[in-house]
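**Q** Residue numbers (the numbering used here), protein chains in the order written: chain A, 1 to 278; chain B, 1001 to 1334; chain C, 2001 to 2246.
Keep in mind that the hints were calculated from the coordinates and are not lab data. The beta carbon of each residue, even a glycine, is placed where N, CA and C say it ideally should be. Just so you know, not all the hints are guaranteed correct.
Straight-line Cα separation of at most 20 Å, EDC-like style, residue types lysine to aspartate or glutamate; simulated pairs [what the hints assert, rightly or not]: (1) C:K2005 with C:E2075; (2) A:K272 with B:E1280; (3) B:K1078 with A:E95.
Here are some, though not all, of the chain B residues that point toward chain C, as calculated from beta-carbon distances under 8 Å [what the hints assert, rightly or not]: (4) V1031; (5) S1039; (6) L1058; (7) L1151; (8) D1162; (9) N1210; (10) R1238; (11) C1239; (12) W1274; (13) E1280; (14) R1295.
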Amino acid sequence: MEKTVINDSNYRIRKGKVIRTRQMTPHEKLFEIALDGGRSLDHEPGQFVMVSMFGVGEAPISVCSSPTNRGYFELCVRAVGRVTGTMHRLEAGDEIGIRGPFGKGFPIRVLEGNDLLIVAGGLGIVPLRSLINFVFDNRRDFGKVHTLLGCKTEGDILFGDELERWMKRIDVHYECTLDKAAPEWAGHVGLITTLLPGVHLEPERTFAIVVGPPIMFRFVIKELLAKKIPESQILVSLERHMKCGMGKCGHCQIQDYYCCTDGPVFNYSDIKHIKEAM
Amino acid sequence: MSSSQYVILRKDNFDGFISRLSKLQKLVAPVSKGHNNFSFEEVTSGEEVAVRYIPTILPPKKYLMPQRETLLEFNVSKGLESTPVVEHEKTTIFGVHTCDIAGIQCLNMVFSTRPRDFNYLTRKGATTIIGLECNDYCDEYASCALVNANLPNGGYDLFFTDMGEYFIVHVNTQAGEDIIEAAKFFEEAGDDQLKALASLREKKREIFKNEVPIDPRKIPELFDKSFDSKVWEELGERCIACGNCTNVCPTCYCFDVKDEMNLELKGGRRYRVWDSCQVEPFATVAGNHNFRKERAERQKHRYFRKFRYHVDKYHRLFCTGCGAGGAAEPAWLG
Amino acid sequence: MKKPKVAFFDFTCCEGCQLQVANLGEELLDLLGVIDVVEFREVMSEKWEGDFDVAIVEGSITDAHGAERIKKIRERCKVLIAYGSCATIGGVNGMKNGFDLGEIGKYVYGSSYHFFPTEETRPVHDVVKVDYFVNGCPIYLPEFKEVLKAALQGIPYHVPDYAVCVECRLNENVCMYEKGVSCLGPVTRGGCNSWCVNNGNICYGCRGMVSNPNQKGMKDVLTRYNVPLDQIMNKMGMYNRCREKK
């Protein structure tokens, strides 16, 4: 058996360096990463990368920074498995392996000129932060922007400092609700669906973008349809465990679709009949 | 059929041909493992080859997509260094049945679709395929006529048909012609021999009848209607999730990607291994949520991958009618 | 970097798994390049009184003395690896649990059985927290090395949760049921690379059962191949008796 180097292999790793890290909560850590040679990751909001921890494995991780930051990109990672657990040990200066970006992100060209209703549940804020910051960096290209966030408890809120800045902006309507809150919490309490009735929107020119745990989709989408947002103007991002990122290994297959190449961002009208999707 | 593309190999030259072929490059062929089991293994003489065999324990796809293969080598002792690699070896596969050739054609489509899998494609380029015709059904599990895989339909370099006293061989590619030239055991096929082949094919049309009373073009539509059928639960109750059905399937190609460190923990390799959508953890994501927890859902997924999902993408059924899936399961779900 | 201190211990067992490790040969030297073995009865006479990083424990807990001793070992180590069927699932020692302890004591030791106090057999994790499991009777060395590397890297090792059949098929063995022999492969956890079947033996279930075995489906298989359920349950009982209690 011969062994040959294949430089054009799609399993080739791009080297990156961790520039900065920040422990966000006891379980989530933020990594700022620069690719070798100062090259831009050149991703679309909503795309993911495969992160290599050599000797441990690879894991798919959503990019959480906007492509408008060209010198670096950010990953916000919850330590739940072998790869993500090992990632949490990385500190500034450490090297990291990257493949990608992969998948279809949010259809920015379609969204431009329209109003946006962004609904994030829990970790759903991670891919959405990339979109939200992109929108802020190109704010006049979009119509009205509503951002709704739901978290379990105050301690689970990610990017809290940024959320405070969003609250102060005049060009975004932002609200946050907690499933369970301490008495001193001044904001909403209740499931994220309880925020939707208070949002005034023009359904025909609004795109709703929903990312959250599987259980959240069904309830939120029901409310959106009740608000007369057309099915084709609802976008979701689905989670699966991709192993190759190239529509081959089969792990992320959702009936007719491969989450890694056809998604992770899907138009609701394309997947509403896909029973395994949500 | 153009006669120039057909040659004859007399049976008494078969052993000479096989040993000559094995000297050109690595040669693998079906061999008997006892208990009516066969597998593709390296051979050097004609007597090792099982000319009559039923689907092998693993299909010959293992030469294009090995059970385990290294994708990347890495070293972490001085920063991160990694090199993508492919393992390959020039190989001739002799005696591939039409169902397995159809399976390889399916895999070719998958791995040639962008982003391309250069590991697979490198091995594809290093492989010579010599087909072998089934003159009759190999066992009771086969349904090759349903999917039109009982007759040769390209995908090979040479194709052998056993005519009793001799093999008649279709030379399909230059690579095949090169073997004929190098082996020197072949003679031009005469009209009588071509007629005999034509009449064998005619006879096959009588033997091989669509095994399932359905028009194969209607299958995807039928599957669309059966997503919520009770049949999946019945299958799930019997399935023991042994993964045999996917491992023996000529068109299954799912894999897992894993890392292995050397003992000194400084370097290692990333490799892929065959995986099966039938095993418990296959569709599990972080936090242990399993998107196909039930065996019934997993069996349904497998059948839909064969008869529905891939049809839109690759314009063909991903079942070759080999019957191996049904035969290989202890639970005989097929 | 300082090499982690590793100690090997045995409880109720045949010490066969230690022998496997000792049989690593040249690789044992590679291993000694990354770890510092401070106690290992099978290969060295030294005893270690201090703390250590990794304890590698063979054998089941079958009496009060063993339970006390394993608790003390747990206190002295950062990571505990249970290896071999006796330690991970109770193994053959579990057969005792199918009998009345007094009666079986009398049967084995005669009238002086009360000098040999005994308890129901327990796998190590029923007594103390176990961080890593290496199943098998004996352990399959390639898996042992994988687990040890995972422990040294501080990452979890997941014992494969699929049947031995998966790996057996990849190794192109003729299925034992096709040979007319019954085998526990379909319900036993893989990870051993179907070591036994590769060498002409059946699977005896030494790695414990998959997490979600299909009992009805397995019964169908036995009926098809004309294997009496009792025969399989007996085979199962050789290694898996401790499982029945829970």
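**Q** Does S1039 (chain B) pass the interface hint, meaning its C-beta sits closer than 8 Å to a C-beta of chain C?
**A** 5 Å, holds
**Q** Has the given pair, K1078 (chain B) with E95 (chain A), been kept, meaning a C-alpha gap of at most 20 Å?
**A** Between K1078 (chain B) and E95 (chain A) the Cα gap is close to 10 Å, so the pair holds against 20 Å.
**Q** Holds or violated: the hint that V1031 (chain B) contacts chain C, with Cβ atoms closer than 8 Å.
**A** 11 Å, violated
**Q** With the threshold set at 20 Å, check whether the alpha-carbon distance from K2005 (chain C) to E2075 (chain C) stays at or below it.
**A** The hint holds at about 15 Å.
**Q** Less than 8 Å between beta-carbons is the criterion; does D1162 (chain B) satisfy it with respect to chain C?
**A** Hint on D1162 (chain B): violated, closest Cβ of chain C at ~25 Å, above 8 Å.
**Q** Can we keep the R1295 (chain B) interface hint, with Cβ of chain C closer than 8 Å?
**A** Since the shortest Cβ distance to chain C is 6 Å, the answer is holds.
**Q** Would the hint on L1151 (chain B) stand, with a C-beta cut-off of 8 Å toward chain C?
**A** Nearest chain C Cβ about 28 Å off; hint violated.
**Q** Classify the hint on C1239 (chain B) as holds or violated, based on whether any CB of chain C lies nearer than 8 Å to its CB.
**A** With a closest approach of 6 Å, the C1239 (chain B) hint holds.
**Q** If you take the shortest Cβ to Cβ gap from E1280 (chain B) to chain C, is it below 8 Å?
**A** Result: holds, 5 Å to nearest chain C Cβ.
**Q** Under 8 Å is the threshold here; is the Cβ of R1238 (chain B) close enough to any Cβ of chain C for the hint to stand?
**A** For R1238 (chain B), the interface hint holds, since the closest Cβ of chain C sits about 5 Å away, which is under 8 Å.
**Q** Within a Cα-Cα threshold of 20 Å, do K272 (chain A) and E1280 (chain B) meet the stated pairing?
**A** Not satisfied, since the Cα-Cα distance of roughly 26 Å exceeds 20 Å.
**Q** Against chain C, is L1058 (chain B) within 8 Å by beta-carbon distance?
**A** With a closest approach of 5 Å, the L1058 (chain B) hint holds.
When each numbered hint is compared with the structure, violations occur for hints 2, 4, 7, 8 and 9.
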